[in-house]
Amino acid sequence: MLLLLPQALVDGIMIGGVFITIAIGFSLAFGVMHIIDLAVGEWIMLGAFLGLYLNQWTNIEPFIFLPVVFVVFGLIGYYVQPVIFRVVSGKKGNPLLMGLVFTFGLALIFKGAGLTIFGFYSHSIPSVFSKGSFSIELGNFFLTIPVIRFMGLSYAIIITIMLQYLLKKTDFGLAARALAQNREASGLMGINPKKTSSYVYAIYVGISAMTGVLIGCIFTLSAQMGFKYTVFSFFVVVLAGMGYMSGVPWAAFLLGLVQSIFLIYFNPGYTLLALFVILYGVLLISPKGLFGRGW
Amino acid sequence: MMRHRNILWFIGIFVGLLVVPLIYSDPFFIRIITEAFMWIGLAITWDVIGGYAGRVNFGHGVFFGIGAYVTAILMTKGGWLFTLTLPMAGLGAGLVALVVGFPTLRLMGAYFAIAMWSLALAFQQLALLLNITGGPDGMRMPAFLNPAFFFYIMLCTVAASFALLWYLMERAPFGLKVGSIREDESGAMALGLNPTKIKIQAFVLSAVPAGMIGGIYAYWISYINPASVLGDIITDQAIVMAVFGGLGTLIGPAIGALIVFAFKTLFWAYLSSYQVLYLIILGAVIAATVVFLPNGIWGTYLTYRKSKPLGSVIYKSVEGDNEHA
Chain A
253 MLLLLPQALV DGIMIGGVFI TIAIGFSLAF GVMHIIDLAV GEWIMLGAFL
303 GLYLNQWTNI EPFIFLPVVF VVFGLIGYYV QPVIFRVVSG KKGNPLLMGL
353 VFTFGLALIF KGAGLTIFGF YSHSIPSVFS KGSFSIELGN FFLTIPVIRF
403 MGLSYAIIIT IMLQYLLKKT DFGLAARALA QNREASGLMG INPKKTSSYV
453 YAIYVGISAM TGVLIGCIFT LSAQMGFKYT VFSFFVVVLA GMGYMSGVPW
503 AAFLLGLVQS IFLIYFNPGY TLLALFVILY GVLLISPKGL FGRGW
Chain B
6 MMRHRNILWF IGIFVGLLVV PLIYSDPFFI RIITEAFMWI GLAITWDVIG
56 GYAGRVNFGH GVFFGIGAYV TAILMTKGGW LFTLTLPMAG LGAGLVALVV
106 GFPTLRLMGA YFAIAMWSLA LAFQQLALLL NITGGPDGMR MPAFLNPAFF
156 FYIMLCTVAA SFALLWYLME RAPFGLKVGS IREDESGAMA LGLNPTKIKI
206 QAFVLSAVPA GMIGGIYAYW ISYINPASVL GDIITDQAIV MAVFGGLGTL
256 IGPAIGALIV FAFKTLFWAY LSSYQVLYLI ILGAVIAATV VFLPNGIWGT
306 YLTYRKSKPL GSVIYKSVEG DNEHA
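Read top to bottom, the protein sequences are chains A and B. Heads up: the first sequence at position 96 corresponds to 348 in the working numbering, and the numbers run straight through without jumps. Heads up: the second sequence at position 209 corresponds to 214 in the working numbering, and the numbers run straight through without jumps.
Among the hints, a few may not be true.
Said to hold, decoys possible - List of simulated lysine to any residue pairs, SDA-like, C-alpha gap at most 25 Å:
hint, chain 1, residue 1, chain 2, residue 2
1, A, Lys480, A, Val534
2, A, Lys383, A, Val399
3, A, Lys540, B, Arg111
4, A, Lys480, B, Asn230
5, A, Lys540, A, Leu525
6, A, Lys446, B, Leu298
7, A, Lys480, B, Ala232
8, A, Lys540, B, Phe107
9, A, Lys480, B, Asp142
10, A, Lys540, B, Met194
11, B, Lys269, B, Leu298
12, B, Lys202, A, Ile530
13, B, Lys269, A, Thr368
14, A, Lys540, B, Leu112
15, A, Lys480, B, Asn136
16, A, Lys420, A, Leu542
17, A, Lys480, B, Met113
18, A, Lys540, B, Leu103
19, A, Lys446, B, Ala293
20, A, Lys480, A, Leu306
21, B, Lys202, A, Tyr532
22, B, Lys269, A, Phe370
23, A, Lys540, A, Ala430
24, B, Lys202, A, Ile537
25, A, Lys540, B, Leu198
26, A, Lys383, A, Leu261
27, B, Lys269, A, Phe372
28, B, Lys202, A, Leu348
29, A, Lys383, A, Pro319
30, A, Lys447, B, Val296
31, A, Lys447, A, Leu348
32, A, Lys383, A, Thr472
33, A, Lys480, B, Leu133
34, A, Lys540, B, Ile203
The hints are simulated quantities; they were obtained by calculation from the structure and are not laboratory data. Please read these numbers as outputs of a predicted model, since none were measured by experiment.
Produce the complete structure using the sequences and hints provided.
Dropping the structure here:
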């Protein structure tokens, strides 16, 4: 039993890496727009299918056209955001509630469209990295790291560093952070909240879609997968503390560890249940996330 | 005076529905009407937490499913009578609501939405894995083929829930408390209310009838599986019905339920090969409602009716209260 533990830990970190990117974008969008995007899993699904079709059409390595997916979905996000902005800043009814309901409607549309166009089958995107793996063997101790998962982790680290740079070192990042802190005051300082929110949402949608392609390479993709990844994103974001981005990597690694440990030691079907129990426990004890720094 | 008229309307419709099976007892017709009651029940109970308390519940189907499974397990494994399992179905759903509501309803609405969304998925998985629920094969129950019985029991349950919720939400102080928390939670707290407690009460109030409706559904259809009673589609439809009809009223979700259910029945009868299109239509309806009619069709109608004689005076719809104007 214990022999498999290092393997479980390494697997967990590799899987967790993938969730960092989704949750960072999600956390960013929440911080700036103050709404939970229930369509996050569906963006991942749509991105994954765009990757699949581009791959089938051109036969090019999926890692090469990740930027194309980013640009396509960034544009979609850029044009969807004003509608959400209008709903959330509306005067009628309860804007926050309406924002939730609106993104829920988006999620339903995307899911229905996905099932209609792509069907119910599972696919996977072939990549040159899918076959190989590094292995380490020292007597009783052994480890296997599939190259594709290693690439996934590298991708996650690169995206995270790029986002950190964007947020901490550029004027745009300063504007986005100011907007997240106080909408009115940042407007007085000459920040255009509509434009900045649109860019942030575009970046978030683009990153989610790119990560979808990666998930398609590492695991499988199907039109029904959105719901599951929405829950994973929620889990990571709540554990990290809503809107607190520095906590995201640790929460994502924890999610990966839970998944890999359940896969190796228990019935993987109980993973979602375990995630809910952890989520419930965190909300009960420390609702501001593991670090107490969230909203 | 007006209050009497509302009650008379309610009693009139209720009595009118009571005699329907005596006049026209075609089993298919009765079945459709029974299912329409079921959706009205789910939509109005969702609206208690979603519309009145302003907390979006993305896992309302969980209570329906718990009610169905509690009934099925007690009746097949325990040999209980249906009359005894019905309260147990409500109790089971209420207990789950209490336990889940306690940590999540103290926080801001987004946490509650996330927790219920995850809970729905967790319960689906649980029902698929446990032995007692029969896993993916579901559970089969002794069939009781009496459409009129289910018609009456569904009608009575939904009408009783409607009457109780109407009294609590529109007439009793409880409705005002819930409304004040929706509008301004810290303001309500400053007036000495305990928002968490009231929200949990409202949540349990919305869960118990949903569980009972689930219990009736299980015995009526006599076969349940995780996809049929815990699937996302139940919650999705309840939300669309309530939002489309009009949040924060009871009539609105009931009307929304009737329209969406009628559409669903026609759609599945004539276009069943395009089933997944239904999801797109549901999503488009709810997104369009949020953007163009945030008060739903009933809320828009009320605003329109009020704005004619009273200029632009808009106040929260206590249904039918200012008809003297």
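- Query: Which hint numbers does the structure go against, in order from smallest to largest?
  - Reply: Of the numbered hints, all hold.
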